[in-house]
Amino acid sequence: MTAGTRLSGIALPVFTALVVVFLFLPIAVMILFSFNDPAGRQNITWQGFTLSNYVTVWSRPDITGPLALSLIIAAISTVVATTLGTMMGIALTRYRFRGEGASNLLIFIPMTAPEIILGASLLTMWVSFGVERGFGTILISHIMFNISFVVVTIRARLSGLNRSLEEAGQDLYADGSTTFRKVTLPLIFPGILAAGLLAFALSIDDYVITLFSAGRTLTFPLWVVGVSRLGIPPEVNVLGTLILLIAFLFIAVQTWSGRRAGRREAGPVTMVGR
Amino acid sequence: MNTRRGWIPYALLAPGTIWLAIFFAIPMGYMLMVSLQEGNLSTGFDLTWNFAIYPEVIAQYWELFVRSIGYALMTTLITFLIGYPMAYTIAFRGGRFKNVLLLVVVLPFFVSFVIRTLNWRMVLSDNGMVFGTLKDLGILDPAFHFLATPASVIFGLTYNFLPFMILPLYVALEKIDRRLIEAATDLYASRLQAFLRITFILSLPGVVAGSLLTFIPAVGDFINAEIIGAGNPDSIMIGNIIQFKFINANDYPAAAALAFVLVIGVMALVAVYTRLVGSERLTES
Amino acid sequence: MSDVPRHQLTPIELAIERAMRQDRINRRAFLGRAGRGGIALGAMLSLPALIAACTPSGEGGVTIEWANWPAYIDIDEESDPNPTPYPTINAFIEQTGINVNYQETIQDNADFMQTLLPDLTNGNATGWDLITPGGWVVQRLGDLGFLEEIDHSQLPNWSANAADYAVGQWFDPDNTYSMWWQGGITGIGYDPNLTGREITTFDDLLDEEFAGRVGGFSDMRDMFGLTLLSLGITPENATIDDVTAAQQKLLEANERGQFRGYYDNSYYDALAAGDLVACVAWSGDVTQMALFDNADVQFVIPQDGGMRWNDNMAIPKGSTEKLAQTMQLMDYWYSLDAATTLSEYIGYFTGVAGVQERIEDDAAAARESGDEETATQLEVTAASVVPTADQIDNTYVDKQLDEEEEAEWNALFLEVLGG
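Protein chains in written order, with this note's numbering: chain A, 1 to 274; chain L, 1 to 285; chain Y, 1 to 419.
This is chain A alone, in the form it adopts within the complex (with noise of 0.2 Å):
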């Protein structure tokens, strides 16, 4: 081994864990502060710890309900974004056909207009077809602004991917589905994996789209843009608490479970793409 594996295996971990504190550092405030007793309407200055905050944030529908919203509204959008744009994905890197041009056009213009062009083009669409905006407006939108993030993300997984792999399991399955499944499915994972979670976290934090799509409906981001006018209150930390907590528990048991099932595969793996 030399110098430079040695500085690289200690200088990498390092950096990350430094970039993770840095990601977490407004985090960890909005945590402390989901502590705070404060006083008056605004959060911003350490009055005292309490943990009433966690209690009485379940008597205020006002925040839950929107929360609840906009967590099913990401949910969603993101399988059908992903799934979509996972299969507009395949198709650009595999295939070579007509019309390729126009489809990457298709792709990368919502990404770069701007926001509040796309939502208020989308409500006059609404108003013009006589569309009641609600819940299944504001699933639309989202579900067309994730798409471009998910081919973008796929593309950058399949291309330069290693196709003899796929192209044994042709011949090992001779049937396109059970190869697509076995084998290149499993290849792509990460990635999907990838643009999932870039896109709940563009639908969950949302604001000017859904201004313009949701009606009467209220999410998650629409609220407390409004609240903050006046000052945010504590229960909204709290429920931005609560909401790691449970990414954190549920990676804690997958990555539980993963070591157990990584336990009875046997040796090292170094197998293309995983």
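If you are wondering where the hints come from, they were derived from the structure by calculation, not from laboratory data. Among the clues, some could well be false.
[Stated by the list, open to error] Where chain Y lies over chain A, by a calculated footprint (3+ residues, C-beta under 8 Å): (1) 60 to 66; (2) 87 to 99; (3) 112 to 125; (4) 180 to 193.
[To be verified] Among chain A residues calculated to face chain Y with C-beta under 8 Å, some are: (5) N104; (6) L211; (7) F212; (8) G215; (9) R216; (10) L218; (11) L222; (12) W223.
[Claimed, not checked] Over the 10 Å line for every Cβ pair with chain L, so calculated as not near, a few chain A residues: (13) V19; (14) F35; (15) V55; (16) D175.
Bear in mind that the values here come from a model prediction, so they are computed numbers and not experimental data. Glycine included, every Cβ here is placed at the ideal spot set by N, Cα and C.
Please build the complex by placing chains L and Y on the supplied structure of chain A, with the hints as guidance.
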């Protein structure tokens, strides 16, 4: 290249394409018409094919376009410098924690941007935990401030777009066959050379994807200039102008025209970029 | 949603609800009395109920769909939200049998107006029966014929109790379309320890000594209003030349980086943290800040004048069949009971005469019962829910801009913002 069954790519593309055609292309087509209208709310807007609006808004706001592109380029560069080592570590050192680390990268963004930025403002305030400490230690001038400066806008963009760089980089790095790297390490004298000639080249699709996912939305961003940049007149972006024209001034034609200038400009840059890095070639397998 | 089962109230919750209604106790006082927690977990909602809470309901009878700003009403955090978490609205529903679907969907005046306009220009109903926007939105929508007229004969409480300053506003001189909801004053907030001297005028804010350490507002009307006043011009009568002069004054200030930024409500934490030594500010915010976040910060109405603002109840076009019921709800807020409960909780300027006295009575009652904390808080609230004569004399209102003027003013202001 699979050309045996020509209908398959179209079948795969159809659902997503139809979705984007109905819920994106049609409304945007309408906006294109709006950009060519004249009028106001009380008299209504009439389509006068006012193409002159385009040179007008470009002449008026070209500096802000340039500034926004500059900010977005800086953001892309910084997120790349932070994101690449991070993605590399997750992909090659992550072991069974790969997915955990991936989720950790995105988790802060499951919390509303209003909360994230409010807390950043508390951390980064003039005498807050970062700069207050540095000032107490005498490292920084007491008059130094960070929020409401161009640097703070780029900082906000960097923070908020970091996952959009890291995740695509990760998915590209993670697929690289380690045996190739081992072989290269044997072949080339230094590890750096091996990295540059093999790992980096093979991760290029991720670099392209990550930089596009960061750069493209960052150019049109307005929220960071508004709440980290605090509406400082020297650091607002073109997105803020579009926002103001549309929301506050009811000047829909100008807002739409600015948006299309932005779309076309960014698409042109993207075309040049993908040609330069040769992603056309890279996307072939 | 129609078929969400109603949660049965437990005896404890019933007792609390009764107490909330009878005593008009405020939230903090209540927390002190009932002790924290305990009850609330029982009121935890099921997922369907959560979704129902943020989608329009359609129970039997009339339901008024009301869009308001978040945190702009009294809320009962402790007991079961049934039918709403807002005690005053519950009381209205009980009294009248009219349902209210209260939605906290206004995030920003301009944003909100943009979401309504496409429907209104197409002659559609907006889905809202009652909205609560700022004055200029009322003016703009009224001018465009997008608001229903109010029938004053159906407003006994308003006729009897409306405060003088709350009627005949600049944007709606005859209250044709609107009634005052809550209001406040835009002036200057500053920390004398950091400025080292008193701030008394808008020009003090422009003192080069403070370059880069003061904040402006991103709101065109507030910012031009204060600047015009500093030039000795009453905003209501300002001509385009006057506004251009005001713009020049602000652009000169920009040249030397006078304003660190043109803030939205995020000025609050910048001012409280001391990043800004002084900033354009809302009176209600600075009261909060002084009480809870930074005792040093003071509010001042500039000697050359501050700006008055208020939000208003109005009925968008298309809500014709519920007009009578909506006006009943609007008038309800002019009953002393409802107005007092509301003001004790949110503490902005009320439009109802007599509220201040009622809050003072409550403060005295709290003092008698030995609850000093509540008494003090109510006394502070009582003093701030009504503008003083001085405040009214030295504050001004926005100009009633026609559309062309508004476009010109906006264009000028966009340059100030850096465009």
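These are the hints, each one checked on the structure:
1. 60 to 66: holds (count 6)
2. 87 to 99: violated (count 0)
3. 112 to 125: holds (count 3)
4. 180 to 193: violated (count 0)
5. N104: violated, 32 Å
6. L211: holds, 6 Å
7. F212: Interface hint status for F212 of chain A: holds (6 Å vs cutoff 8 Å).
8. G215: holds, 6 Å
9. R216: This hint holds: R216 of chain A lies near chain Y, its Cβ roughly 5 Å from the closest one there, short of 8 Å.
10. L218: holds, 5 Å
11. L222: Because about 6 Å separates L222 of chain A from the closest Cβ in chain Y, which is inside the 8 Å limit, the hint holds.
12. W223: Holds, about 6 Å.
13. V19: violated, 5 Å
14. F35: holds, 14 Å
15. V55: holds, 20 Å
16. D175: Non-interface label on D175 of chain A holds, nearest chain L Cβ at 14 Å vs cutoff 10 Å.
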